[in-house]
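Listed in order, the protein sequences are those of chains A and B. According to my numbering, the first sequence is numbered sequentially starting from 559. According to my numbering, the second sequence is numbered sequentially starting from 27.
Because the hints were derived from the structure by calculation, they are not lab data. Every residue, glycine too, gets a C-beta built ideally from N, C-alpha and C. Any given hint could turn out to be false.
Stretch-level coverage of chain A by chain B, calculated; a stretch enters the list once three of its residues show a Cβ under 8 Å from a Cβ in chain B [claimed, not checked]: (1) 661-670; (2) 696-702; (3) 713-727; (4) 959-973.
Computed beta-carbon distance windows for the label pairs [said to hold, decoys possible]: (5) Phe968(A) <-> Ser523(B): 51 to 61 Å; (6) Gly736(B) <-> Ile787(A): 34 to 44 Å; (7) Ala910(B) <-> Leu726(A): 37 to 47 Å; (8) Tyr504(B) <-> Leu726(A): 51 to 61 Å; (9) Ile914(B) <-> Met708(A): 15 to 25 Å; (10) Pro901(A) <-> Gly363(B): 53 to 63 Å; (11) Tyr872(A) <-> Arg705(B): 28 to 38 Å.
Short, incomplete list of chain A residues facing chain B, as computed with Cβ under 10 Å [as the list claims (entries may be wrong)]: (12) Ala602; (13) Ala606; (14) Trp626; (15) Met633; (16) Leu710; (17) Phe803; (18) Ser951.
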Amino acid sequence: MSARTPRLDDPVIAAGISMASMTDRICAITLRERPFVWWWIAFAPCLALTALLAVAIAYLFCRGIGIWGVNWPVMWGFAILSYVWWIAIASGGTIISALFFLTRSEWRDSINRIAESMMLFGALAAGIYPILHLGRPWLFYWLFFYPNSMTLWAQFRSPLLWDFWALLTYVLASVLFWYFGLLPDLASVRDRAVSRGKRRFYGVLACGFRGSRLQWTHMRAAYAVMAAIMAPVVVSIHSIVGLDFAGAATPGWHSTEFPPFFVCGALLSGFAITLLLVIPLRRMLHLQDMMTGRHLDVLCKLLLTSSLCIAYAYLMDAFTTFYGADPAEHELFRMRAFGEYMPVYWGALVFNCLLPQLFWIKRVRVHTPGIVAICLGVVIGMWLERYEIVVTSLARPHLSSAWGAFHGTFWDWATLFGTIGMFLGGILLAVRFVPVVSMHEMRELIASRTAAESGA
Amino acid sequence: MNHASDRLWRSLEEAGGNADFIARVSQEFPNLAASLAAPIDRRRALKLMAASLLMNGLPGCDSKLSENLIPAVRVPSNIVPALQNSYATAHVLGGYATGIVVSHYMGRPVKVAGNPHHPASLGAIDAFAQASLLNFYDPDRAAEIAHRGIPAARADFETALAAQRLSLGADRGAGLRILTGTVTSPTLIAQIRALLEQYPRAQWTQWEPISRDAVMQGAQLAYGRPLELIPRLEQADILVAIDSDLLCSAPGRLRYAREFAQRRNPNRTHAMSRIYAIEPTPTLLGSVADHRFIAGPAQLAHILVALAAGIVDGASAPDPARSLPDWIVPLLEDMKGARGRILVHVGASQPAELHALAHAINDALGGRGVSFDLIEPVSNAGSAGQPLRSLIAEMQSGRVQNLLIIDSNPLYSAPAAWNFEEALRQVSFSVALAQHPDETAQAAAWFVPQTHDWETWSDARAFDGTASILQPQALPLYDGLGAVEMLELYRAPAARSAEQVVRGTWKRQFGDGFDAAWHESLATGVVPDTACAKSGARLRALPAQLNSSAPINDDAALTVLLRPDPSLWDGRFANNPWLQELPRPLTKLVWDNPLLIAPALAARLHLENGDLARVTVARSSVTAPVWIMPGQAPECITAWLGSGRRAAGSIGDGQGIDYYPLTQLPGAATLQKQPGHVRLASTVHHNLLLAASQEVLRHGTLSDYLAHPGVASTAQPEPHIYRTAPPGAAAWAMSIDLNACIGCNACIVACQAENNISVVGKDQVLAEREMHWLRIDRYFAGDPDAPESFFQPVLCMHCEQAPCENVCPVGATVHDSEGLNVMVYNRCVGTRFCSNNCPYKVRRFNFLPYAREQHRPPQSWNPDVTVRVRGVMEKCSYCVQRIAEARIAADRESRPIGAVRTACQSACPTRAFTFGNSADPDSEVARRKSSPLNFSMLERQGTAPRTTYEALIRNPNPAIGAGRKAPPS
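The shape of chain A in the complex, shown without the other chains (with noise of 0.2 Å):
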């Protein structure tokens, strides 16, 4: 159980972990009276951006979106493109606890709580923006199909509707997702409490599971239909965020790659962030013998081949600007790569795709400062390519009369930051009160190895 440094050849979970140890530990973590100190220490900061957020909300529902960077002709700014930021991180978390579920992958025992957290709280700080980004947020409730006295209905047309409802059932089924999954490890909690509080606390969140058989079989049979659902779920909800783009004739997003293009992204951010998260939490909970060198590799791998998919992407982007004959297009492209907002443009494509082909080598993929510094590369990479595909493209319409710039004002940033607080504070939150590792799965993981080196 010492602190080691990660191994490419380490095993999914270290020899000699039992159930009962596994469980005893992780449920002491969730247990302790005082949180840790390092606990504190992150949480202030996080606590105080939230408190940013609140106030840069306040001031954007009394003032207006004026208070923002938007203008003519960048009509859409922060709001859309950090949306679109944390929808994708919050995919990531999904397609590793849902689609990884779905094909018996063992080593995504120990790492989906985290992944789950990820995918829920991410999906929090993306479902606020929506609203926030509206002109009158107050109504934002026009969006739903509700029987009113003008019999007025949403445009099924528009992009923007869907992708409101696919954001909706996405935020439900991943609140639904995580809660179900967390079920048995909460009884478990509850059953290890000592004081009255706790029990008391548990014993509701754990909503009377008390490890029938038959109770077993309808967790498994939920969770497993749960993540039937989310594994599609979540190719949708980025699939039309990918349309809200496509779907316009704005050039630089009328394009047909952009829902598989936008998959490829939320599966790029997802791992960064995990890797982001599970880097530090292992070390900081001592879970090294848990969370091992083989999952960071097997997530450094899965990175990089999301990484070259995204190059792809890149690489159609200018072919079919060229292979087009519109010369907006071509100008768009001219001004991204050269012109005033170059940064952006090579940003993206040296964070998102240069670097993590450090992860070809083998010891960079076990190398923990290595990966933390290429995963919080791809985090502002994929931030910048939003950003390119958000800002750039409306500041370059058709008619060159039209043409403008755009500049994030305090509280864009102020906004943007504060969600960063909250995802983190509600990360720290998750991992104070419920159990940070998925104890059941990893319990039928270690019975099988058990059963494994006993048959063998």
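Given the coordinates of chain A, work out where chain B should sit on it, guided by the hints.
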């Protein structure tokens, strides 16, 4: 002292013993009234100060009209709720009148349109006259008389004036001076003449900062007497425009613009005119000319001398030491070939000698009576009365005791070197009659608020002498005196009302049939048969010295060209938010007036847009940001007068730079770069045309067009999968003739006034959030030093396949049965996807609560158009309220809907806009759309726009190669 503190002082003074105030207080607070009447010590004064702050609003409760504040049981028969009434009057700028029609709702003026009966309007209207609506409603207008900055009652002023009348009578008015702007009003002229008869030693000065003296002096040189030249552009095959102001600032410019446009569309004229512009700084006429040549002042004079030498017998040859451009020869050929149908026009800012030369050329080419007329002058400004400079000298020497300043602001606009401010201090009794407590009004002993032209009676003459009677449009919003009333008050204590005086003037003219003629004149806005007579004056032999007497500067030296601001004129509109935020035609700048410099000069001094530079003329210098103006002569710097006001009001104060210190100074200018940079707000951020320009703006030359008439038009309609035409009976559509557009901005203000469009301020324009529904895109092409320029009005295209409609999730923008792309403000939640998907970028968004923060009272909004809240998208509606009005009228009379005119269309002086039912093959819009020049902007987007354009055709002289290049095909 600013206006806010005026109000505070007023209460204190009234608290100090004004009987009226005490009476009012005793009604409201009986206990307080007793203490008010007692003598005042320091403690009491402090108490009163506190009380006065509390009761600041009390005097405001009182009004002359309070007895009428009862709902009318019998509504006057001519006021119908929700319908508008229109009354003719005139807008006077620089003394010259333009006929206007003011629309009222329930007695509130809300819109100004042109008067079709008026020769200077012909139904069109310029930006100034339309924006005068905001001047009328300006909350910064002065409300009370002030004596040395302290509010005074009107009775006090009348008492002081009575004492003056006594002393004036004693010395026959030796110390009396009257200072006005240019006056063409028959009534005012008669009044001033009468006053001068009463006080024979008094003097009258007419002063306009934007002077037309050179025009008059030029005629004086050529014909021996001041005359006005009236161009007949519809008759001129060739127009040689020497720094011409015909389309931008000359009196009668709306009419000239109409006449200009009549010869510009090759499909609607028998022969296109050809326009040569030779100018140092781009003018509107130069921007739409077929050839635009750039020449600094010295070269300009040289060229005109050369033209005269080639045309006028006996004119001396140009200086052989100077070279002449190679286009002079073909130009001369062309001019001679058009003998009798040609006009040379010189702008008012050029010296009198050049005007005289142009008169000689025009006379020699025989266009008189065809392409131009000469008429007797409309005003006597510049030729009669005392010049301002000698008035100031007299004031300084203390010989002036009584100075009456009517609607003139010399403290701001007179050359700083003349030091009007110091001179004014020497005058013991100075009276400034002005609408705002402006610079002069604050320095004068007495400031009397002037009523707006819409609140009193007056009259004025147009560019051709045609008189109009100005009738009041509303009861005065603030207490004040009109110019007529003030002059009347100067003459006698028991003054007649302005109406009586104006009626008196015209009673003498109309004679017996007064009542009928008076009513007719008021109804039509024109007094018939009052145009000035054509002059029979004959050209004098050209004096020998005239040929070379034009001031010729050293070419290397810089010249500062001081021109009226295209939107603010001489500064009198500085407090008008519509005009401050009106993009200047060529720079698209708003809220600013940097120095315009040529790209070459900018490169030499390493200046970029917004860099500070100091321009110095004869020890007077001004530091200002610069703006690089393509097409500017490198030896000239253009500075717009009219900004940098110190006391314009809350909108105009401190906006821009005051260049009046540079006026009337001799010698060359120097320009030095200074540290610092200013952000200048322009609504266009990129000057040059894309390679794909023909997709956006099709243009070509007449010879190409005649050879291939289809070249400008759509080749083949693009294939499409499905297209559903709106089913309605009418198909509203618009056609915009690019050949007619001169970029004058009248349509933008018309749209803004009609549709309640917010002004957003400089900061928001810098943030790229301007709100104009209609914009005029300005493109340059070619060499930045001498580019070709294009104007293209862009408004909602009302696409049949509108991309904006598909993407709105709540269906806030939808199509109606008659093809309008309508915006449902109440339904809009502000996703802004529609704007992203609009290829033409005609949608504007209320990022902030702009409408709530406008500098205008609520009663000035157009009640037919929704005022938009924050968070809502808005755009051109094709003036749907006007369509609705026409439809209601048609339904009531059970007939098909007839003609509808949009606001931009009615304002446009050149009739560039045509709007109507394109389903009706006889409609003008259907005819224009069948023109071979018709094209859709960005046609490949497949949006099937209802707004289309007629391609721009120019008519360059084939013998001059470099003028206009053929467009890339």
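Verification of the hints:
no. : hint                                : result
1   : 661-670                             : violated (count 0)
2   : 696-702                             : holds (count 4)
3   : 713-727                             : holds (count 7)
4   : 959-973                             : holds (count 5)
5   : Phe968(A) <-> Ser523(B): 51 to 61 Å : holds, 59 Å
6   : Gly736(B) <-> Ile787(A): 34 to 44 Å : violated, 59 Å
7   : Ala910(B) <-> Leu726(A): 37 to 47 Å : holds, 39 Å
8   : Tyr504(B) <-> Leu726(A): 51 to 61 Å : holds, 57 Å
9   : Ile914(B) <-> Met708(A): 15 to 25 Å : holds, 23 Å
10  : Pro901(A) <-> Gly363(B): 53 to 63 Å : holds, 60 Å
11  : Tyr872(A) <-> Arg705(B): 28 to 38 Å : holds, 35 Å
12  : Ala602                              : violated, 34 Å
13  : Ala606                              : violated, 28 Å
14  : Trp626                              : holds, 8 Å
15  : Met633                              : holds, 4 Å
16  : Leu710                              : holds, 7 Å
17  : Phe803                              : holds, 9 Å
18  : Ser951                              : holds, 9 Å
The structure fails to meet hints 1, 6, 12 and 13 from the earlier list, while all remaining hints are met.
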